[in-house]
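Numbering (full-length UniProt numbering), first residue to last: 1 to 196.
Take these hints with a grain of salt, some might be off.
In silico DSS-like cross-links for lysine-lysine, where the CA-CA straight-line distance does not exceed 25 Å [unchecked claim]:
1. Lys-127 with Lys-192
2. Lys-192 with Lys-173
3. Lys-184 with Lys-160
4. Lys-145 with Lys-127
5. Lys-145 with Lys-184
6. Lys-160 with Lys-192
7. Lys-145 with Lys-160
8. Lys-145 with Lys-158
9. Lys-45 with Lys-34
10. Lys-158 with Lys-173
11. Lys-34 with Lys-127
12. Lys-141 with Lys-127
13. Lys-160 with Lys-173
14. Lys-184 with Lys-158
Read the hints as simulated data drawn from the structure, not as lab findings.
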Amino acid sequence: MKDLVGQMILPFLGCWLLGAVPTTSDVPTPELEKSFSMILSDGTKSTAVFLPAENGNLYLVYATQRGNLGFWTLTKGTGPIPPDPDPPPPPEPTRLTIVVIENPERSTQIERDILADDQWRGLAMEKHNFLGILPVDLVDKRTGKPPTLLAPFLNLAKGKELPWMILGDDAGKVIWNGHLPESKEAVTNLIKQYGG
1 MKDLVGQMIL PFLGCWLLGA VPTTSDVPTP ELEKSFSMIL SDGTKSTAVF
51 LPAENGNLYL VYATQRGNLG FWTLTKGTGP IPPDPDPPPP PEPTRLTIVV
101 IENPERSTQI ERDILADDQW RGLAMEKHNF LGILPVDLVD KRTGKPPTLL
151 APFLNLAKGK ELPWMILGDD AGKVIWNGHL PESKEAVTNL IKQYGG
């Protein structure tokens, strides 16, 4: 039998696994259920045959000179894997509206130190709309009610464990609110996380 390992098997396997069905005269399509000889990895010759499998795949069944049987399942690929699409551009930093609501009479010394920190306050004033650190009972003396602009923030902090920090976006939507983070660095990181 003619040794087809170089003329047929290897080119066919390469095309099959890449999903390109051989159609040229250089890469012949194997004949099913017709035996041929091939060389195994140890250099010995083997008798082999292609058999049909499910979903258009093939079995390559071979017999060694010692009488052992082996087989490969050849799964037809879908073609070369396309490159990954370009990642989306990073989001533009958001200009935040930042407010802290506190009860000065009940704040701990640690909380007062965090609230007085120049690093996060400087970041808030330089890059964002920092409305300030507001007392929970703030009212407009003329009306006896919370200032209209600040009322939504004061209402959001009602019943919460103060100090309460609120971050909003340009559209006025609250994107984060919660108890004041436990360190100056944590406050700075929080602002950077949401607003750059």
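Hints versus structure:
no.	hint	in the structure
1	Lys-127 with Lys-192	holds, 10 Å
2	Lys-192 with Lys-173	holds, 18 Å
3	Lys-184 with Lys-160	holds, 21 Å
4	Lys-145 with Lys-127	violated, 30 Å
5	Lys-145 with Lys-184	violated, 32 Å
6	Lys-160 with Lys-192	holds, 24 Å
7	Lys-145 with Lys-160	holds, 20 Å
8	Lys-145 with Lys-158	holds, 14 Å
9	Lys-45 with Lys-34	holds, 16 Å
10	Lys-158 with Lys-173	holds, 18 Å
11	Lys-34 with Lys-127	violated, 76 Å
12	Lys-141 with Lys-127	violated, 31 Å
13	Lys-160 with Lys-173	holds, 19 Å
14	Lys-184 with Lys-158	holds, 24 Å
Of the numbered hints stated above, those contradicted by the structure are hints 4, 5, 11 and 12, listed in ascending order.
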